[in-house]
Amino acid sequence: AQSVTQPDIHITVSEGASLELRCNYSYGATPYLFWYVQSPGQGLQLLLKYFSGDTLVQGIKGFEAEFKRSQSSFNLRKPSVHWSDAAEYFCAVDGSSNTGKLIFGQGTTLQVKP
Amino acid sequence: DAGVTQSPTHLIKTRGQQVTLRCSPKSGHDTVSWYQQALGQGPQFIFQYYEEEERQRGNFPDRFSGHQFPNYSSELNVNALLLGDSALYLCASSRRDSQETQYFGPGTRLLVL
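Respectively, the protein sequence lines represent chains A and B. Going by this note's numbering, the first residue of the first sequence is number 5, and it counts up by one from there. Going by this note's numbering, the first residue of the second sequence is number 9, and it counts up by one from there.
Don't read these hints as lab results, they were simulated from the structure. All C-beta atoms in this analysis are idealised placements derived from N, C-alpha and C, irrespective of residue type, glycine included. All clues stand as given, with none of them false.
Pairwise CB distance ranges, derived in the manner of DEER restraints:
#	chain 1	residue 1	chain 2	residue 2	range
1	A	Gly45	B	Glu59	28 to 34 Å
2	B	Asp70	A	Ala21	46 to 52 Å
3	A	Gly20	B	Asp105	41 to 47 Å
4	B	Ser35	A	Gln49	17 to 23 Å
Start from the sequences, fold in the hints, and give me the full structure.
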């Protein structure tokens with residue numbers, strides 16, 4: 005069965021510092037991978053996705069993620085965090101096709117210190 | 009172009025009651041998926057509708073049912089509400105057989121007392 009693990013429940017970084025949010029997945033083949041962001045009281049916004057090809061994926065708001073098959077990981081990075089990046093971040097997997105049945109991790113809450 | 013819309017935004021019910029939540033997909037989308045997000049958790053897939061039929065289902069009891077209308081809008085019904093059904097219910101829409109990803113609505117916050 006597919007599963008997603010986000011090891012860090014809560015992360016605090018200073019504004020301007022770099023950020024890396026971890027995501028590990030369990031799936032037999034190469035999955036479709038996603039990162040979503042959720043601000044308080046809001047729905048989910050897609051940051052980026054990986055289906056195939058280049059393992060370094062660029063997304064919106066200056067985020068990028070790297071797919072590493074050997075580590076079953078899809079970590080999200082940003083070189084310089086802004087106070088507006090404070091939110092909940094979710095990694096998700098959709099098997100090996102874009103079926104729309106997403107399996108989400110528990111999420112990582114990002115707090116940004118001024 | 010309106011994105012995914014959901015109604016109502018908030019709802020309070022008591023145990024044992026029934027509730028209906030509504031979702032209108034993004035223009036051009038024909039597939040609707042529903043998710044339950046409990047407080048402090050990631051969303052969990054409930055089911056997906058396409059061509060007015062349930063196509064995929066997650067690990068939810070039969071108390072959770074749905075419907076899709078010819079205009080692609082959808083309803084989520086939950087019978088015999090339990091306290092544990094309190095959550096944010098998210099609707100997502102997409103276009104079948106497309107590499108385009110799902111768009112999520114803002115959700116309906118359900119509180120069961």
